[in-house]
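Line order of the protein sequences matches chains A and B.
Going by the UniProt record's numbering, the first residue of the first sequence is number 1, and it counts up by one from there.
Going by the UniProt record's numbering, the first residue of the second sequence is number 1, and it counts up by one from there.
Simulated from the structure, these hints should not be mistaken for lab results.
Backbone N, C-alpha and C fix where the C-beta goes; we use that ideal spot for every residue, glycine too.
Incorrect hints may appear among the rest.
[Said to hold, decoys possible] Each pair of labels, with its calculated beta carbon distance range:
hint: 1; chain 1: B; residue 1: Ile231; chain 2: A; residue 2: Trp54; range: 34 to 42 Å
hint: 2; chain 1: B; residue 1: Gly299; chain 2: A; residue 2: His187; range: 49 to 57 Å
hint: 3; chain 1: A; residue 1: Asp78; chain 2: B; residue 2: Asp121; range: 21 to 29 Å
hint: 4; chain 1: B; residue 1: Ser296; chain 2: A; residue 2: Pro274; range: 30 to 38 Å
hint: 5; chain 1: B; residue 1: Ala336; chain 2: A; residue 2: Glu292; range: 29 to 37 Å
hint: 6; chain 1: A; residue 1: Gln307; chain 2: B; residue 2: Ala367; range: 50 to 58 Å
[Unchecked claim] Derived DSSO-like pairs: lysine-lysine, alpha-carbon spacing no greater than 30 Å straight-line:
hint: 7; chain 1: A; residue 1: Lys337; chain 2: B; residue 2: Lys190
hint: 8; chain 1: B; residue 1: Lys343; chain 2: A; residue 2: Lys383
hint: 9; chain 1: A; residue 1: Lys343; chain 2: B; residue 2: Lys385
hint: 10; chain 1: B; residue 1: Lys311; chain 2: B; residue 2: Lys263
hint: 11; chain 1: B; residue 1: Lys158; chain 2: B; residue 2: Lys98
hint: 12; chain 1: A; residue 1: Lys309; chain 2: B; residue 2: Lys343
hint: 13; chain 1: B; residue 1: Lys98; chain 2: A; residue 2: Lys337
hint: 14; chain 1: B; residue 1: Lys337; chain 2: A; residue 2: Lys114
hint: 15; chain 1: B; residue 1: Lys437; chain 2: B; residue 2: Lys276
hint: 16; chain 1: A; residue 1: Lys372; chain 2: B; residue 2: Lys311
hint: 17; chain 1: A; residue 1: Lys437; chain 2: A; residue 2: Lys276
hint: 18; chain 1: A; residue 1: Lys372; chain 2: B; residue 2: Lys337
hint: 19; chain 1: A; residue 1: Lys372; chain 2: B; residue 2: Lys370
hint: 20; chain 1: A; residue 1: Lys383; chain 2: B; residue 2: Lys337
hint: 21; chain 1: B; residue 1: Lys437; chain 2: B; residue 2: Lys193
hint: 22; chain 1: B; residue 1: Lys276; chain 2: B; residue 2: Lys311
hint: 23; chain 1: B; residue 1: Lys343; chain 2: B; residue 2: Lys370
hint: 24; chain 1: B; residue 1: Lys193; chain 2: A; residue 2: Lys337
hint: 25; chain 1: B; residue 1: Lys309; chain 2: A; residue 2: Lys337
hint: 26; chain 1: A; residue 1: Lys210; chain 2: B; residue 2: Lys232
hint: 27; chain 1: A; residue 1: Lys208; chain 2: B; residue 2: Lys263
hint: 28; chain 1: A; residue 1: Lys113; chain 2: A; residue 2: Lys232
hint: 29; chain 1: A; residue 1: Lys372; chain 2: B; residue 2: Lys372
hint: 30; chain 1: A; residue 1: Lys309; chain 2: B; residue 2: Lys232
hint: 31; chain 1: A; residue 1: Lys232; chain 2: B; residue 2: Lys263
[To be verified] Calculated from the model, a selection of chain B residues having no Cβ within reach of chain A, i.e. all distances over 10 Å:
hint: 32; residue: Gln16
hint: 33; residue: Glu115
hint: 34; residue: Lys158
hint: 35; residue: Asp255
hint: 36; residue: Lys347
hint: 37; residue: Lys383
Protein chains: 2
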Amino acid sequence: MADSKNLPGPLQNIFQLIDQNKTKYISTLGEAVAIRSVSAWPDARDEVVRMVTWTGSKLRELGCKVELQEIGNQTFEDGTVLALPPVIFATLGSDCAKKTLLIYGHLDVQPAKKEDGWDTDPFVLTEVRGQLFGRGSTDDKAPVLGWLHAIECYQALKQDLPVNLKFVLEAMEESGSEGLDDLLRAHEDKFLKGVDLVCISDNYWLGKNKPCLTYGLRGLCYFFLEVEGGIKDLHSGVFGGSVHEPMADLIWLLDQLTGQDGKILVPGIMNDVPEKTPDEQKLYDAIEFSLEDFRSDIGVSQIRFPQSKSKTLMHRWRYPALSIHGIQGAFSDPGAKTVIPRKVIGKFSIRLVPNQTPDQVEKVVQAYIKEKWESRQSPNTMKLKLESGGKPWSANPNHPNYRAASKATEYVYNEVPFMTREGGSIPVTLTLQETTKKNVLLLPMGASDDGAHSQNEKIDIRNYIEGTKVMAAYLYEVGQITESLEEAKE
Amino acid sequence: MADSKNLPGPLQNIFQLIDQNKTKYISTLGEAVAIRSVSAWPDARDEVVRMVTWTGSKLRELGCKVELQEIGNQTFEDGTVLALPPVIFATLGSDCAKKTLLIYGHLDVQPAKKEDGWDTDPFVLTEVRGQLFGRGSTDDKAPVLGWLHAIECYQALKQDLPVNLKFVLEAMEESGSEGLDDLLRAHEDKFLKGVDLVCISDNYWLGKNKPCLTYGLRGLCYFFLEVEGGIKDLHSGVFGGSVHEPMADLIWLLDQLTGQDGKILVPGIMNDVPEKTPDEQKLYDAIEFSLEDFRSDIGVSQIRFPQSKSKTLMHRWRYPALSIHGIQGAFSDPGAKTVIPRKVIGKFSIRLVPNQTPDQVEKVVQAYIKEKWESRQSPNTMKLKLESGGKPWSANPNHPNYRAASKATEYVYNEVPFMTREGGSIPVTLTLQETTKKNVLLLPMGASDDGAHSQNEKIDIRNYIEGTKVMAAYLYEVGQITESLEEAKE
Ligand SMILES: [Zn+2]
Ligand SMILES: [Zn+2]
Ligand SMILES: [Zn+2]
Ligand SMILES: [Zn+2]
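One chain only, chain A, in its complex shape (with noise of 0.2 Å):
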């Protein structure tokens, strides 16, 4: 794909290594993927640390130095304590003429049974038709994979490495990043010192065809919404009608949060998003996005805004958004139970775009929640938690780190990356971000139909080894950049 004619010299050679070795490249994302470093099963704990001590080995062999990070216990519910597996901290190169990248990844995945519903062994990495199916195929292995494939090919051509490089990869991503925040604000003076600039590898393109690099995620606050009666659950035959029932009342607040258009109707949610710019609107027009692509591969009948493109895309990413999740402690089962449950917890998550804050937005939810319930005059008790909220993030998408990245991607596909944003949360981003107080960017290697978290997880072999040219491409135009990266906020 890459068109060699504006091609540095360097890459020339390496991207034509990058393609040798492509068989090679799968056979050892095969390897990784034969790891089941699935975090949320004790069970697998062993696999789990095996697929870290399995990369440290392989950074050792790129000459890097590595220290695993011991992070403490994890507690399970049932009572079960086991130790965390370690992070990794690798460090190549540190070269005063340099500026030094830190690149973050995880190298746990998501829980995978073949009769959840997979076509192929998930532990397995299999090819068909061009892809690469398996679990943690493209998130996060073979990201990961590519960062080293990319030094190594420097390595291999004998070329200087154009950055220092540091590593951070841990292998709870996939169950909360139990232990990391502390470890990284722990090491903010100590290991994350010198970083220049920060890179994440761990998100996907918009669509399936077009590069993108991403500068912004929403941010989240969690609430449980708890309404409670007697002190037992009643037969409706037997108390139905002589009662307030508990459930009325949480489904009549649960459907105060959002109007019919689904517009959040809690007064002041909107007070800290800022009116969107002219600029804005122009990054948002630019982007190819199918709107009939993104309604049919969901299947609903109709979007919330079928007619507008942007509007679409600005409330995945820069408007807040109100979702119902469930209710525990109701009957949830297939089939009829008459039951008139005592207690019951509405679960519902309000999506944060700059500048909300969960503190500000959890002030402006209670206030209105008891202003409703003290409406509702139930004799009933109602109590609203915020269960965890998370801070939006969002980067300058003209750093030079994202103009790096452009070129890199430009080599590669021979197009600009569109600017995108994501509407979930990756907290780490967050917290590189507050730790090294640098410009963090996220390039997306996968595309969006690779199912990260679903059945049939895969990463297609193009984005594999282009996106590995990508990552040996932005290597050298960090290098490139001569401006100073200092940067105290975006």
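Assemble the complex: chain A is given as a structure, and chain B with the ligands must be docked to it using the hints.
What follows is chain B with the ligands alone, placed relative to chain A:
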């Protein structure tokens, strides 16, 4: 307790014998409770059948002609197929000069495990301060044994049994009485022919100390309200804000069903509910019922009608009530999951009262939900399905059957029993009324706090022993009835 002054001679001896046999009766109940006849447990099917044959033997010892009616197979959700336990048809006596009484009871029990929170082994009958704890003690093993003991006393004292008896004893009651309805309807002109009156002892007093006779039960319409969006669950981070979420639609629809005060908002729902009559009001006024005990037993801070005993009882017995039970397909576990469920099914039910019918109620609910849904203008799809419907039942509380039971109760407890209804359904009641076309009486043995389907189910020794006397006296009083008992319809 019996006041021997007014007690007919034959009953004096019988009551004495019942008192003498107390220890033996408790030990027989212990044998029955030790048989783990849980109809919901496929693994316990042998025990259910053993309970049937054990009871069949006891009936044969009393001289009954016993037939075990096979009623086919049961298919469980996991595909397991098991033979249904047979239904006992038993006959004792065929004297044309006597009335023929049909007695219904059930031999199976609810599931029970010590670890559910039982203080004692649920299958070891355990006496604690005058109460007998064990699964099935009150529901429905003691009442079934009560009838057997009453007959045995007549025979031991060589007194002619005052009635011809027929028994229908099933062992699938706690699992929806599968197969029973068909069997009974097929026997309308066979085994059920010639029955003059029916008595069911499978319910409870309104309180803990006052005997009751029960003349009404509510019916039930159980609805599944389904809202479906796309073809897969979505991640709220990625999609929240860009789609019409089925949960928001469902929550809104469910909230249209009842008002703040619990009133059902479906137009036409009260069409077939008669105004209460002055006579009826007197019946309610006569009932002793403590609102404060009721409130504190269920542990709510305030009941729906805190000022009115008769309103509270009427809304449990003679007015319809709507309860929302839960939602299938949404997130219902503890913890936080950021899912937008693709298809959610709200479960709600309406308790029916005379003269409502499931057909009529379904009609008005369908019309209302349809109208509301159209006004919502959602692109999602909505389906409302009546999952199951059962008619309400009520009998004439002045019928000779009730007068006989009332006299019998007075002999034993020295007070006129309250005439009560119940909020729940016992579907066989209606089937027996329809197939025999005779008056059906519900004669409770246990008290309101027996905890039929809960942990620590019990029956008070008083209720077991005195209740057996009531049964013996009721047989006597039925024998005294001189009126014709023809009644095509109550
Ligand atoms: Zn990932
Ligand atoms: Zn993931
Ligand atoms: Zn029962
Ligand atoms: Zn029962």
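Item to check | Ascending list of hint numbers which this structure does not respect | outcome: Structure breaks hints 4, 6, 7, 13, 24, 27, 28, 35 and 36.
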